[in-house]
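Novice: Following the hints, complete the assembly by docking chain H onto the known chain A.
Heads up: the protein sequence lines correspond to chains A and H, in order. Count along the first sequence starting at 1, add 1, and that's the number in my numbering. Count along the second sequence starting at 1, add 1, and that's the number in my numbering.
The hints are simulated quantities; they were obtained by calculation from the structure and are not laboratory data. Mixed in with the good hints, there may be bad ones.
Identical copies go unnamed one by one, so any copy, or any two together, can satisfy a pair.
[Claimed, not checked] Here are the computed lysine to any residue pairs in the SDA-like style, where the Cα-Cα straight-line distance is at most 20 Å:
#1 420 / 329
#2 420 / 323
#3 420 / 330
#4 420 / 324
#5 464 / 382
#6 420 / 328
#7 420 / 332
#8 420 / 117
#9 464 / 43
There are 2 protein chains.
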Amino acid sequence: MTPEEFRRAGHELIDWIADYRERIESLPVRAQVAPGEVNSLMPDTPPETPLEFAALLDELERVVVPGVTQVQHPMHFGWFPSNASLSSVLGDIACAGLGTLGISWESCPALTEVEEAACDWMRQLAGLSDEWQGTIHDTASTACLTAMLAARERASGYSEFDGGLQACDRPLVVYASDQAHSSVVKAVLLAGFGYDNLRLLPSDPATRALPAETLARAMADDVAAGRQPAAVIASLGTTGVTAFDPVGALVEAAAAHGAWVHADAAMAGSALLLTECRPLFDGIDGADSISWNPHKWIGTILDTSLFYVRDPQTLARVMSTNPAYLQSAEDGQVTQYRDWGIPLGRRFRALKLWFQLALDGPDAIRDRLRRDLANARWLADQVEATPDWTLVSPLTLQTVCLRHEPPGLEGDALDQHTKDWLARINRSGEAFLSPAQLDGRWFVRVSVGVESTTREHVARLWKLLQNAANESSLGADRHAN
Amino acid sequence: MTPEEFRRAGHELIDWIADYRERIESLPVRAQVAPGEVNSLMPDTPPETPLEFAALLDELERVVVPGVTQVQHPMHFGWFPSNASLSSVLGDIACAGLGTLGISWESCPALTEVEEAACDWMRQLAGLSDEWQGTIHDTASTACLTAMLAARERASGYSEFDGGLQACDRPLVVYASDQAHSSVVKAVLLAGFGYDNLRLLPSDPATRALPAETLARAMADDVAAGRQPAAVIASLGTTGVTAFDPVGALVEAAAAHGAWVHADAAMAGSALLLTECRPLFDGIDGADSISWNPHKWIGTILDTSLFYVRDPQTLARVMSTNPAYLQSAEDGQVTQYRDWGIPLGRRFRALKLWFQLALDGPDAIRDRLRRDLANARWLADQVEATPDWTLVSPLTLQTVCLRHEPPGLEGDALDQHTKDWLARINRSGEAFLSPAQLDGRWFVRVSVGVESTTREHVARLWKLLQNAANESSLGADRHAN
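So here's chain A without its partners, still in its complex pose (with noise of 0.2 Å):
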């Protein structure tokens, strides 16, 4: 395709896509479709005669839009957060415009050097302390693991170099709240450790955080029993109920047995930009590192997933290659982020960044995340006031996690109820929501924070979640006369 042919194929897709934004509150927010059906829609051989530009958006729209779960509605108050700020848009497309290859410092100064320069932005603006030296990685599920490899290396004398994990002489464990992420399981698991050697720590029942006690018993226990710890995750806003553990004193636990501590800040990170919101996050800086992803509630769209070290050497010594092909000679004076992640080649992602803050400014930024939060405010004080409605944690941020509880309804029959109101929403279109499990019994989680999402959407779907629950009882009823 020639510059002339993309100009005017380009012109006509960001049309598409402006009016796409613009019609999307009149689209269902749940996919409709039926598994496999998008896969029908598409030819089961390669093409095999080049189409035209404007037919293939005519098959994007047929294809394409009936089977798109709308994350960016109004009224998707499911999983978390997951905008695409147009602004941080503009800079995607101008990394896939510049079409630049980040394997080296060499391949693309520019890339490497942007990068540096945003995430110390980012830094700045989340108030964190400047010993901390940032990259993007695609997903904090991808940071979380490479936490994990470093803190396994650092734990071994760096066993990578010699007999590996399998020859370790003494059991190294990880701990983490038993409110953690499913992904920081699958990086233990992924880095080796093994299930054995991984403590999910009772939280507390209140807060659902994890008591340093717990952890500080938790590794005595293993270290008398011979065994070595070797990291700690800490979750910064679980994503069952946004909890918070005391990570500044999960660190203090930690060092005494030099175990390496992981952040994981992914959905909440963001409210590091409001200072009124970082005593929740007290004592970060003493953590090894932080993921954090400006992907969610902030709306860099994905993947942005900020990662920051601070010590950049350990993560090297454990990720650094350095094949002939890719030597130049400003090796030495230059920072190669192929050494602070697993992937070699690399995307432009920080111009995501940059384009966001440059063109909407922090201020609309922070002002925004203090919407939501008064939103969700809002929405927990219905609920608090409304009979047999009830928030199954307290509220931190913007996520409301409730039940509907008509008397003379517990145990499984509750459940059933809460998952038969939950996908009567789903089901409709009207809204999103994502059920979560507490103490083994299900709940909703109303996750507030679309950028398009007004007080009056948050009122719409008070009023949707009453209907539902409403209907969901009476048909219950019918069922049981």
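Specialist: For chain H alone, coordinates are given in the frame of chain A:
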């Protein structure tokens, strides 16, 4: 940013990109900036007041463009072709504009199912057996790590679910040739096997391929010593000289020990599109996994790394997570790509492949690959026909491995000469090439295959090579006098 603001800025950006791609030949190939120069142009603190889009484009021009090594430039012959075809760029822009979230089938059924279809189209175009099922990873580094993790778990009886790799009683061993890519070593070390359990076996001095007998012997030796062969990486198109391991024979040798065979065809896999090149990959259908990067020669913009497995169940068993908040009614009937790799959140990468195949068509892609093969052949012929110039390895695809060997120069002096004339060219900005080593001596790789590189560009390069080598020889003479 509103959709209307995005529309206006988006049109400006499309024009900027089209203009940029049009004038790319007027820019130096290698970025001419010094370490730290780009960073020094970035403000030390984050933007405070929003910028107009036109002003941001000026910044992009002033700060970023001089810091880009132009891998889309027709005189780029470095590393490997890293084409970002404009047809695939449109797919990437569509991905950004849609702003989808891929954490489960439910979060975007189209993301999952178009990926299934696009990976299958590529499989068909490559002539691979229909036993393969594919997904898209960011890079071949990540794909190789994923393969090593699957291999480790299969060989250890899924130790991740109990004591981990650290509890394995027999050391697990991995095999590859001494020509394997640095990412192979990195993957093996990160997976925890340890360098002592990685056998980088001597390749054949003529073909640089790993003889199957060498592998079989090494495995037998390890078994005799109480160790367990866990994985073999077959390099199909090495980075240095594009050597091809005999994958069929390696598969046979590995089968005797139940070792996982990963076929690393990151760069050369694109040649599967040409039936005349398929004999190089003979037996690949017997491997356990394949990685192949359309983001290299084919030009589906980074990050598009295909990863195929024949047994997705094993992969899912190793990688699976199924937290409550991601569960939906369709689980069990659909593919959950989060269980095929490391990250939870995934971009809608399949759009890049779809757009490129639909807009350019496979015929045009195949024609271009054949053009590049012919151009490389032409250059290799010039080298062979010219006194003092040598091919250090037979040409297998599109990378010409050469050295200028003036009479009387050898050893370190020859190395110095090679590095000197290479640096002259790279510094000039007129063309860009990469160094590499073979048997401890430097040579220069000319990787032909940028989308816009014609025979004229290759002819111009050949003149540049001769001039630079002669100047270097003269410089050395003067220095000697």
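Novice: Each hint needs a verdict: does it hold in this structure or not?
Specialist: Hint by hint, here is what the structure shows:
Proximity of residue 420 and residue 329 under a CA criterion of 20 Å is satisfied inter-copy only: 10 Å between copies versus 59 Å inside one chain copy. In the homo-oligomer, the alpha carbons of residue 420 and residue 323 lie at most 20 Å apart only across protomers (17 Å), although the nearest pairing inside one protomer, at 53 Å, exceeds that limit. In this homomeric assembly, residue 420 and residue 330 come within 20 Å of each other (Cα to Cα) only across copies, at 11 Å, whereas the closest approach inside a single copy is 61 Å. In this homomeric assembly, residue 420 and residue 324 come within 20 Å of each other (Cα to Cα) only across copies, at 16 Å, whereas the closest approach inside a single copy is 54 Å.
For the homomeric pair residue 464 and residue 382, the shortest alpha-carbon distance inside one copy (14 Å) is at most 20 Å, but the shortest distance between copies (76 Å) is not. For the identical chains of this complex, residue 420 and residue 328 are inter-copy neighbours only, at 11 Å across copies versus 57 Å inside a copy, given an alpha-carbon limit of 20 Å. For the identical chains of this complex, residue 420 and residue 332 are inter-copy neighbours only, at 15 Å across copies versus 57 Å inside a copy, given an alpha-carbon limit of 20 Å. In this assembly of identical chains, the alpha carbons of residue 420 and residue 117 never lie at most 20 Å apart, being 45 Å within a copy and 30 Å across copies at closest.
Taking the closest pair of Cα atoms, residue 464 and residue 43 never come within 20 Å of each other, the shortest separation being 39 Å inside a single copy and 48 Å across copies.
The structure is inconsistent with the numbered hints 8 and 9, although it conforms to all the rest.
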